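Each chain is listed here by its residues.
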Amino acid sequence: MTQTPSTGLPRPTPQLDIDTEPFWTGGKDGKLLIHRCQDCGYRVHPPTTFCPTCDGRNVIPEAVSGRGTVVSCTVNHKQWLPGLPVPYVLAFVAIEEQDDVRLVTNITHCPAEDVHIGQKVEVYFEQAADIWAPLFKPVGA
Amino acid sequence: MEYAEKNTAITGIGQSKVSRGPQTKSPLSLTIDAALQAIEDAGLKRSDIDGMACWPGDRGDDGGMGPVGVPMLQDALRVHVNWYSNCSETAGQFGAIFNAIGAIAAGYCKHVLIYRTMYQATARKAGLTNASFQPGQKAKGNFAWYSPYHAYTAAVQQSLYFARYVHESGIKPEQVAMISVNQRRNASLNPAAVYRTPITLDDYFNSPIISTPLRIYDCDVPIDGATAIILSRLDCAKDGPNPVLRLEAVGSSMRYRNSWTQLDAEALATQAQPHVAEMMWSRTDLKPKDVDVAELYDGFSFHTINWLENFGFCKRNEAGDFIGDGSRIALEGELPINTNGGALSAGRMHAYGQVHEACVQLWGRGEARQVPGDPRVAGLSTAGGPLAGAFLMVRD
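Chains as they are written, first to last, in my numbering: chain G, 1 to 141; chain A, 1 to 396.
To be clear, the hints were calculated from the coordinates, so they are not data collected in a lab. For clarity, every value in this text was computed on a predicted model and none was experimentally measured. Heads up, none of these hints are tricks.
If you want the footprint, here are the derived chain A segments under chain G, 3+ residues with CB under 8 Å:
(1) 135-144
(2) 149-160
(3) 206-216
(4) 258-265
Each residue gets a CB set at the ideal place from its N, CA and C atoms; glycine is no exception.
Next up, chain A with everything else stripped away, as it sits in the complex (with noise of 0.2 Å):
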C-alpha cells in the first residue's frame, strides 16, 4: 500500500502580523499576506497555484471564526485551480490539509494553498462573539444539546474532558501549570507571539479560574491573523528553494461517537485522540521517539497533555509526571512542544500556528527559540472533543 500523504510536502510558509488589535487590515488583507509570503517562500507564482483549501470556511457571521472562505481569497488572488475546498466537518482542523492530499493523489493540483484566518480579537470587541448562544436564541445541531444549561463557551463545554481526565489520572494542578509556563518561556524568545512576558508557577496560581479546572492560563488566546501554506506534489516540491517537509503519516480517523456529548465512555478522558494517532503510526516505520520536535494542539492546555500520551510520548495517565518540572519538554529538552509559544502565547490560529512553526523548526529558521540538533521529524496535531487529526512531517 502506498499512502497518498508520502507524496506530498510543504515547501512555503506564510503568516501575518498576528494581533489582538486594534486592526488595520481586514480579515481577506491579512490573509493576502500570509497567502503572497508563502508562495513566494515555495519559489512559486499566484500562476502556480491550482488548489485551495482551508478550515473551516466562510462561517458568515461576525465572530471571526472563519472570516474569510476560498472563494473571497480566490478573486482576490485572481488564481485559476483546478480543485478547492472549505471544510467544517472533518479531523479537526487539520481536514483542509487531509482533504489535499487527496486532491493531489487525484490529480487534480500540483501546488495548494491553504490557510486559516482568524478575526476574532476585533470581532470580540464588537460583541459576545465568544459566545456559542445568546439568551432567547434557538440552536440548532449538535451544541444544541448544551443550550439550555448556560454552556456559553469552548471553555465550559470543554472542561467536562478536562474534569474526567484529571479524574482519572491524578494529575496535579502545577503539571499542568508547566505547559502555561513552559510555553510563555518559548513566547518570550518569538518576536511574533502576542503574549511575551514570561509567567511563573505563580502567576499561574493567581489566574482567574474561569470553569474548573481550567485557569485563565490554560486558555488560548484570541487574535486576528493568519496563516498559510502550500501543500506540493512531491516531484512538483524538489524544484523549490527549501528543503522539502515531505509529509510522513496521518491520522484522520473518527472511530468514536461523533459527537460532542456522547463520545465514548473511554474516550471522554482523552477526547477523540486514540485511534487518530494508531491510524497515524500504522501507516509509518517511525515510533514516537523519532520525533524531535511536537507541535501539539492547545486550545486548553489539556489538549496538548491528551496528546503527549495519546501520541505515544509516554503512557496513559502519566502525563503529569512526563511533564514535571517542564525540562522535559523545554526547547533543550528531549521532546521540546509548541516550541513558538503555542496558541497559549502566541495566538489562537487552530493547530495552524503549529504547523507554521514545525516548518521554522525543520527549516532551521527558530532564531532565539530554534531547537538544537538540527531537528528532522516533526508530530503534529489538532484536537477539541470528537475533533482530533494529527500528522508526521519529516525532512529527508
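In isolation and in its complexed conformation, chain G is listed as follows (with noise of 0.2 Å):
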C-alpha cells in the first residue's frame, strides 16, 4: 500500500529548550546534530550537558551521519484526526553511530508495508514551523 508522503496535517512540533533546540533546527543546514561528550566521546539523546559514562560536563551538539538502522516500525491504519493521510510508517530509528541513540521517525519514499526492522535508512529534513523534523527514507531512495 503505497503511503502518502508527509504533506498531509500540520506536524504538531514540539517546545524547545536550550539543551534541544540543535536537534530540531540543524536540518535547516542538512545536519542531524546529537549532543556528544568531548571527554569521551559518548553520544547523549536527549541531548543535555552531562556525559553519563565519564561524568563529562562537556556536551555538545554534533553532527552524526544521518544513517540509520530501523528497530522497530508500525504500519498506522487509523485516520487518528480529519485530513490525516493514511497509511504511513512510524519507526524507531537507531543511528549507525551509537545504536542507544534511538529516534522516534516517520519512514517515507517506500511502500508502507516494506519498512521493516534492520532496515538501513537515512534522515532527510523537513520544516514544520520554527522545527526542521528529522525524516528517514530508504538507503538511495
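Once you've looked at the hints, go ahead and assemble the two chains, each given alone in its own frame, into the complex.
What follows is the structure in C-alpha cells.
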C-alpha cells in the first residue's frame, strides 16, 4: 500500500529549549545534530550537558552521518484526525554511530509495508513551524 | 529484612457503574459511589479513613484521564487524613498503592482510600481527547519526541513495542487473538462488563487494524467509571469483615532508561517488566506456580502477553505457545487471567479493575466467573513502555 508522503496535516511540534533546539533545527543546514561528550565521545540523547559514562560536562551538539537502522516500525492505518493521510509508518531508528541513540520518526519514500526491522535508512528534513523534523527514507530512495 | 508490604492488606473494594455513557453522573459522583462502597465493604466508617491516594491525580484537562484529584474527593467526603498523595510519575499505575504501603509503614495511616477514576467515554464524545497532540500544538516533556510524527495516541506509540515483540518472539496472530477472545468470554459472565457479547477468531481477524500488528480488539475500552480500594495496616485489617488479603511482595523498580523512546534495547520487546518481576520475586518465597489467578495489565493485549513471560509463567518468547488455543488461560485453566474481562472488555480502569477483580476472586465473590479451586494467591501488574509495576496478594 502506497503511503502518502509527509504532506498532510501540519505536524505538531515540540517546545524547544536550550538543550533540544540544535537537534530540532540542525536540519535547516542539512545536519542531524546529536549531543556528544567531548571527553569520551559518548553521544547523549535526549540532549543534555552531562555524560553518564564519564561524568563529563562538556557535551555539545555534533553532526552525525544521518544513517541508521530501523529497530521497530508500525504501519498506522487509523485516521486519528480529519485530513490525516493514512497509512504511514512510525518507527524507531537507531543511528549508525551509536545504537542506544534512538529516534522516533516516519519512514517515507517507499510503500509502507516494505519498511522492516533491520532496514538501513537515511535522514532528510522537513520544516514544520520552527523546527526541521528529521525524517528517514530507505538508503538511496 | 522485613518488607513493609507484608504488613498491609486490602480490606474493602468498590466500583461505580462502568459505562460507555451517556452519563448521568459527574466524575466526582462516580468516585464517591466507589469510595463509599469500599469503605462499607471494609466495615469502616468515613471517619476511619486517615490516608488517601490515587493515580494519576487531577490532570486539570478535559480528557477524562485524571478528572478527580485527592483534594476534590477528600473535601466531598469531609475526611481528615494524616497523609495523601497523587502520583503520576511512579512505577506504573500501582504507584498509588506502593506509596500507601510506605505511608502505612511510616505510621501515618491505618486505612488508606485508594482510587482510580476515568471519564474518557464522555470526554471523547466532546472532542479529540484521545489524541496526545493536536495540530499546531507545542508539545512538552518526554512525549514531545513523538510530536512531529503523527503519533497521536498510545495505540500507535506503543505498537512499536508490540512490533518488536512479534519480531523477536515469532508469536502467531491467532495466539495474540486468544487474549481478546478469552477475555470477552470472561466478560460475558460479568454483568458489570461493558462489552459482553462473545467474539470469535474470525471476529478478531475481521476487525480493523489500528497500527500494525495492533487490531481494535487488542485495545482496551475507554469508559466512565471509578474503582476504589482500602489498603489497611495488617493488624487493623484483621478487625474487618472480609478475609485478610495481604500484600505479599511488590515490584516497583525502574532499572532501565526511564524513557518511552530510549528504553534499553533489551527491553524494547518486553517493556520495563523483567526487572520489576525480579524485584517482586526477591521479596517472597512464593514462585510463579503458586499463583492461582493472574490479573495482568491489558491496556493492549500485548501488555498481558509480555507479562505472561515476564511474571515467570512461561519462558521468554514462549507466551504464544503458552496461550495456545486459550484453554490454559481460561477460567477453568491452570492460569486464569483477567477473569472479569479485563480492560479489553470490562473497561479501561488502568489496572485498578484488575485489583478489584483479584479481590473478588480471592473472596469467592465471582459468581458465574468464579475461578474454581478456592484461589488464594493473585498476581497483578501494570504496564506501558517504561511503566511497570507488579504485586502478589494472598489470602492466608
